[in-house]
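Trainee: For chain A, the structure is supplied; the task is to place chains B, C, D and E on it using the hints.
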Amino acid sequence: MGPQLATAQPDPGFSRLDEITVENAGRLVPAWSFRTGTPGAHATAPLIAGDTLFVLTPFPHTLFALDLTRPGAAVKWRYMPPPDRTADGLTCCDAATGGLAASGDRLYLNTLDGHTISLDAAGGQVVWDARPAHPQTGETLAAAPLVAGNRIIIGSAGDDAGPRGWLAALDAATGRQDWKVFDTGPDAEVGIGEGFRPLYDPPQARDRGVSTWPPAAWQQGGGGLSGAPVADPALGLVFYQTGHPAPWNPDQRPGENRWTSGIFARDAASGAARWFDPINPHDLYAMGASGGLLPTPDGRLVHPDANGFLYVLDPATGKMLSATRFLPVNAARGIDLASAVPIREDRYVTVQDRTVRDICPAWPAGSNAQAAYSPATGLLYIPAATLCMDMAARSASYIAGTPFGGADVRVKPAPGGEEGALIAWDIAAGRAAWTVPERFPLRGGALATAGSVVFYGTLDGLLKAVDARTGRGLWQFQATAGIVGRPATFRAPDGHQYVAVLAGAGGLTGTASAKEIDVRDATAARGFANALRTLPPPQDRSGTLFVFRLP
Amino acid sequence: MRQRIAGDLRDLPLHGLGTASLTWWGTLAFMLLEGTGFALLIAIYLYLASLAPEWPLAAPPPDLLPGTLVTLILLASLVPNYLISRWAERQELGKVRIGMVVMSLLGVAPLIPRIFEFPALHISWDSNAYGSIAWTLLGLHTTHILTDLADTLVLGVLMFTRHGSSKRRLGDVQDNAMYWNFVVLTWLPIYACLYGVPRL
Amino acid sequence: MRARHLLLAACAFLVACQREQRDLRTDPPVAEALGQVAVMPGGIGGRPAAIDRALGHPYQTNAYQLNQGKRLWDWFNCSGCHAAGGGASGPALTDGSWRYGPDMVSIFVSIRDGRPNGMPAFRGKLTDEQILQLSGYVQAMGAETASTAAPSRNDTMQARASENRAPAAAAFPKQVSR
Amino acid sequence: MAATSRLASCLPALLCAGCGGWQSALQPGGEQAGHLKVLIQLFTIVCGIVWLLVMLVLAAGLWRRHSGTPTGAAAERRSARLVGAATAASVLVIIGLTLASYVATHGLAAAGADPLVIRVRGSQWWWEVTYMDPSPDRTFLTANEIHVPVGRPIRVELAASDVIHSFWAPNLAGKQDLIPGRDNALSFTVDQPGLYREQCAEFCGLQHAHMAMLIVAEPAASFDAWRDGQIAEPPAPNDAEQAAGRLVFTGKACAACHTVRGTPAAGTLGPDLTHVGSRRTIAAGMLPTTRGSLAAWIADPQTIKPGNNMPMVPLTADELNALAAYLASLK
Amino acid sequence: MSPDSLPPDIRDTDLAPDVLEPELERTWRTPRGLIGALSTVDHKIIGRRYLVTAFIFLAMGGVLAMLMRLQLARPENRVLPPDLYDQVFTMHGANMMFLFAVPVMEAVAVYLVPLMVGTRNVAFPRLNAFSYWMYLAGGFTLWTAFALDMGPDVGWFAYVPLSGPEYGSGKRADIWAQMITFTEVSAMAVAVEIVVTVLKQRAPGMSLDRIPLFVWSMLVTSFLIIMAMPAIMVASTSLILDRLVGTHFFNPAEGGDVLLWQHLFWFFGHPEVYIVFLPAVGMVSTIIATFTRRPTFGYLALVMALIATGILAFGLWVHHMFATGLPRLGESFFTASSMSIAIPAGVQIFCWLATLWLGRPVYRTPLLFVLAFFVTFVIGGLTGVMVASVPLDTQVHDTYFVVAHFHYVLIGGAVFPLLGAIYYWYPKIVGRMMSERLGRWVVGLLAIGFNLTFFPMHLLGLHGMTRRVYTYQVEMGWGGLNLFVSLSAVLLACGFALFFFDAIRSSWIGEPAGDDPWGGPTLEWSTTSPPPPYNFRHIPIVRSGQPLWDDTETLTVAAGLRVDRRELVVSSVAEALPEAREASPANSIWPLWAAIASTVMLISSIFSPWAVVWGAVPIAVALIGWFWPKGTPEDEA
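One line per chain: the protein sequences are A, B, C, D and E, in this order.
This note's numbering puts the last residue of the first sequence at 582; the count rises by one with no breaks.
This note's numbering puts the last residue of the second sequence at 561; the count rises by one with no breaks.
This note's numbering puts the last residue of the third sequence at 179; the count rises by one with no breaks.
This note's numbering puts the last residue of the fourth sequence at 1124; the count rises by one with no breaks.
This note's numbering puts the last residue of the fifth sequence at 923; the count rises by one with no breaks.
There could be a bad hint or two in this list.
[Claimed, not checked] Some chain C residues close to chain E (C-beta under 10 Å, calculated; not the full set): (1) 21; (2) 154; (3) 159.
[What the hints assert, rightly or not] Far from chain B, some chain E residues (derived; all Cβ distances over 10 Å): (4) 348; (5) 430; (6) 481; (7) 594; (8) 619; (9) 832.
Hints were generated in silico from the structure; no laboratory data involved.
Glycine included, each C-beta is placed from N, C-alpha and C at the ideal position.
One chain only, chain A, in its complex shape (with noise of 0.2 Å):
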């Protein structure tokens, strides 16, 4: 889950694996199959690390060890860590369900119900436990853990009960917490120093997570971690994304609502924070800053925001050198580089108690479907949901526990009537260089490897393997359920190359959630169900790991 830098695999993201090429790709078959009896989303990538294959369920968590060396890849270990089924009911629609960084002999697992425990990888025993995030208030642990040196870094999801986000970093060895900022509040809590050279707030003002709310309200403000941090060794800094802001009906939040829906970069040893790009301040649609932050070869920082545009930043200085539209947008014009934020179109302004029609990208844009980037081509492989939205927002409770939304929304298709596309994207030419459409919205991650093939998988069930120059289709398999996680290869101890992908996707949306659905509700998981009526339903309601090779 998440590219994880200067861990074991430097980008899962691309492989130089490239035996697998353009023209053998379409002759792939089914190796072996492994059926994790567990049903909901399985959103994390199969992780590879030496000899063994790591599968994690979605919640309540199964860790699977499966020996490569074994013929049929038996299962070497299994830890299932107790779960607190509270949890359970926090993940609606996206895919929050922990998630698994492997460095050296250890294993780091963060369980959606907020604990971080660190696992011997040959054998499963477990070396600490923490519980930094606590799901009574609304916390969970959806990402990865980041393991940045002898720190692993963690932050909390859950915005939309309201808790305040935080991102922590604890002692690799002991699991003993070494620092935790927040993502709102005084400047003493959000690590804001004297290092924190913002480009895009006023130089001198101070505790900006105050001041941009009205009062007390950063207290229930949201803002968690959203996708993965991602760290650059070479700066010593760790960017993350912080998510949206609670509750989702803007009116009840007047102001900028820092350090929301930005993107923060801190100092990976003291969590102090560098700088900070606003990225949709005051965010009306509850996107956060989702969407994945990627750092390409030639030093830049790229991120395909759920607000439909691309961002090209600095990481030094979090300067924002670009940014172009990828998806079909309407709620902006385009955005201001001056000051980083949307030109908002005042048609799609959300107003209490209105229902504003048709606003394009929908919140969904921002899922957690990876993108990959490829040396080899030079392009960015984005996994993308092309659908707009009808919100109505409206005045929301706040309750200790329960969600804190107020908003209706009614996901549905862009104009074209397409839910998804694969989007190769020219970041140097700022278009796009080949797109495929998608009946539905893709959730899972792409893979691109050397051998110039993209591995994505559909929620109807599909891996499918494109021409990464050209988009052409070259083979698909038709998987138990549907996909929700990104596809991953691997040289086996055997010396070829594998192709390994999770299917099962969960409810009815492809998220974490196991719950029924029932589509005749429009507004069902934050509308993304009038989204996806027509999706059939899984053959296997249980995930299964299918791995291909050639033949």
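Mentor: For chains B, C, D and E alone, kept in the frame of chain A given last:
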């Protein structure tokens, strides 16, 4: 009070036709009532359209085929309708009988494409205000056709009984024909509204 | 003629007075008694409070109480997890399938005490009477038959057919929840 | 019941003895209402004169029958001329009054510069008030009482959260409806410091009669002080009873609907209670804010204001006492 | 002479008066017994029923008014809880507007218009019977619901969203909306009858300029009904659709509009005021003419004023919406149009003044009512000019000032003339005079009681008392005036009680009236009191606007209609030249069945939309039964 007979009514015709008939005026008054109702509904349609950011709301414009078929059938029915009115005036009972059968069939005919007209709106009445007013307009006009069809059927049956030859019943046939003209005429602005306004 | 009118009126009265009455204030002893449900071990099923039966199950049959329940639904963030009954973080309630049973006591207990998979307890946030109003409404939204006492649509974004005309199972195809 | 009516009856004494006319179109406290009063007087005088004239003619007509009635074509013609003249005169009166009405409309519409913007949302049956400010941390929520500075134009932005309400403070301006799905606004300036009353004027359900709020007009300095006080968090409990009350407030159903800033209670279903102790009334202008009335209101809201949305939360006598003490301390 | 002995096609010219009258009686009469009563189509019997029913509703609405005054007599009174008070004031408004004011005017018209235009029945007698049954069913529905604690509680205007699906729980608002359907179906049916009767059934020679002013006023009123009532039908139907099947006409979140309701309602609601007031104009003109012994001054001006009022009535509905924040330009237009309606009203007043001035007034009770009308209605009209001004209206709208204003207009402007008209035509309808002595008491009590009750309300409104409040607080300082108003209302109620007493008492011990006790000029006075079932032995011929004053001794008549079956004369629209003889339908029970079937359908459709489908079947059966020829002489014609 004493009375002095100064006028003689003996030779007046029994039952006037056309403007000399009470039913004719009654039908006209009811047409005025219903016409006002339809005008108001069309006004509601235009009012809601003027408020909406886009129109139709959350739906493509309705398909033209079923509605146009209804329109064509209704327009075609005007010819036999005119004829039957003339035959009734001339008191040609045989022709009127045939005409009533034809008009009954032509009353049923538009109902068949009308069934497909509702799904052709691509929206449900409870989806939004556009759906509500479009369904109401169509529904009300369908009721209009149905009531006149029932009237035509009853009159048609009557024509084949011993009451058929009465001049008064023939007057009813004329008024029924006039009412059918009204049914057709009210449809035209509704058709223009339902199918034209979304395409503006 | 008059006798028949009186008879008709009496019949209508029996049906109508129950479903239209508006008890704006519940006496504290009654309110207290309303919460006295007997719950089966496991929290599923049980016996409603005796006073509820004595009053004629107003929270299931009285239009005003059901309507109050509908208002509480949005006020107390039920819609945050269950949307308009179609589900989100919480399961769908309109599909006629119930994890803990469709009877009032089970629904009441689910709301009052919470359920393990994320349903928070609302004890102390709502009074027992409010929980009963809410339970009646929740039961109506997933009921097998339409009820004329159930509320109609809200003045909000249209989510689904309203409770008074959309029984969970009857009016629509069954295979809806995935 | 008797207790509450007694409670209600001591409200005037507590607020301002004998301040009749605090909700009257005839005692303007500001420029706009002043214009309207002049207009009302003008229309009343003109209409009164017209009525008197008609009555005089009628009386004269009935009186003169004794002196023999003139008949014939000449009398008819003279009458026709008189009727024509009377009609022409009434046309002129109508035109004059219409013009006066236009002029008044334009006078009212001329809004002053740099108005204080107050957003008012009507709910069944109370008023939510938001003071707007360019700086978001100086915007704040309150309920059922607004303070305005004297002399500065006030712009009230009106929205309804459920049904139609109408904002009417007759001493300050005419009324304007709060309509779901529409934006309305009302501007006025207050000249006279004092206490004015505003009441919902559009029928909005069971407690339409009890949906009022006080408008406190005060000099700019005291207004600013008031505003700073409202922005600040309320004082912490300063004795054991208030602390216990705070625990009741955050631990019982109160917190699910009401907000007191600085506590975990942040519900928005009912009025914001952050500074409830500083307001003159509770229950939308119904009861004076005293510890006793707070306790009475919490103990049995449905007897005092039948049908309102506040439930009767079961509390022990000690809890009720402590809660009332705590709320009264929220100045 | 037995029926069999009468040769077919016998004409009234062939029979001597003493034979003719029994024969006509036999042809036109309503049979005795229950079936006869239920199947009658005689406009006089139906009109009488209409009148009695409407006055019963007036009394019931008055009781509600007294209940409200009881509750408001003291601040913080707890006689009526808010839930009940809301039902009571809604019932009072709806009852008075829909079950009393409009029907009572129609009742007078149904009874009198055929007599005044010299014909034997209304144009569509069975529709007339149907309309009465629908009216009765509508009233019964409303009051039954009220008795069952499900009376509407959303105001007689039923503004959405309060009356909509979300805030109007239960079926209370549906009851209101469906009651509208009943009464409007009934009103529209009567309007159609009146229009056709007036246009086509006038006595030979009654050209347009000879139509009595009351008939003119009813003609204009009927056109107003035909043009305005569809708006409320459309509105109430959309409301029911919104509530029952979830349409979104009034839901702003889905493209509907809250103000759409107000536009539709007041597009009906304002003409409604004139629907109630214009008949009163006709009554006043009639009474003034009779009691000044001269034709009303300015006949043409009065007719033009009636028509102008009718047209202008449609141009000022927005003046009920001045506080809703409409664009200022529109408001200005509606200010101008609202004020301009004062001009035709002024013309009417001036013409009446001139008539009084030129005539020799005879001070009998009907004229006293007209004088009370002058004093009060002019106040109501002038306060109407006040509320027509946008800025002024923003202060008085929805306050007791407006309550005072429209009671001045409706009671002063319509009920006083109506009571005068009852005193005036009572002898014609009942055959006995009402008591002149009691009548003077009634006028006095009503005029004084009314003004004492309603004039202080102007002040209450200006002092901030809003409408539709179930109570008010002590410190508002309204207690004194309210107590005064409530006490004065007792006086007003006594006046009405005395009127009812007089009306009931006079019906059996009143002095016998004779054909023409007042010396009236119009045709209804030429026949007996009460009139025979056939109204006129021969159809009169009219040669002036005041036929009975111009031909004082003999009535010129036309003869030649059949006696053995119901026949009347159809004449041309403008000149009233005889065009044809027309058979007038015989008695029939089917209108009752049609009304019962409609009632079942309309009431059940509150609960299920499918009721419209299955409920249509019995209605269709009843209508076929209604129209299917039964072989009566009239059918065979």
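Trainee: Against each hint, give a clear statement of whether it holds in the structure.
Mentor: Hint check results:
Because the closest C-beta pair between residue 21 of chain C and chain E is about 4 Å apart, less than 10 Å, the hint holds. The beta carbon of residue 154 of chain C comes within 4 Å of a beta carbon in chain E, closer than 10 Å, and the hint placing it at the interface holds. The restraint placing residue 159 of chain C at the interface with chain E holds, with a minimum CB-CB distance near 5 Å, inside the 10 Å limit. The Cβ of residue 348 of chain E lies farther than 10 Å from every Cβ of chain B, with a closest approach of about 32 Å, so its non-interface assignment holds.
Against the 10 Å criterion, residue 430 of chain E stays outside the reach of chain B, whose nearest CB is about 28 Å from its own CB. A beta-carbon of chain B comes within 10 Å of the beta-carbon of residue 481 of chain E; the shortest separation is about 5 Å. Annotated as non-interface, residue 594 of chain E keeps its C-beta farther than 10 Å from every C-beta of chain B; the closest such distance is 20 Å. Here residue 619 of chain E stays apart from chain B, with its beta-carbon at least about 17 Å from theirs, past the 10 Å limit.
With a least CB separation of 14 Å from chain B, residue 832 of chain E remains clear of the 10 Å interface cut-off, as annotated.
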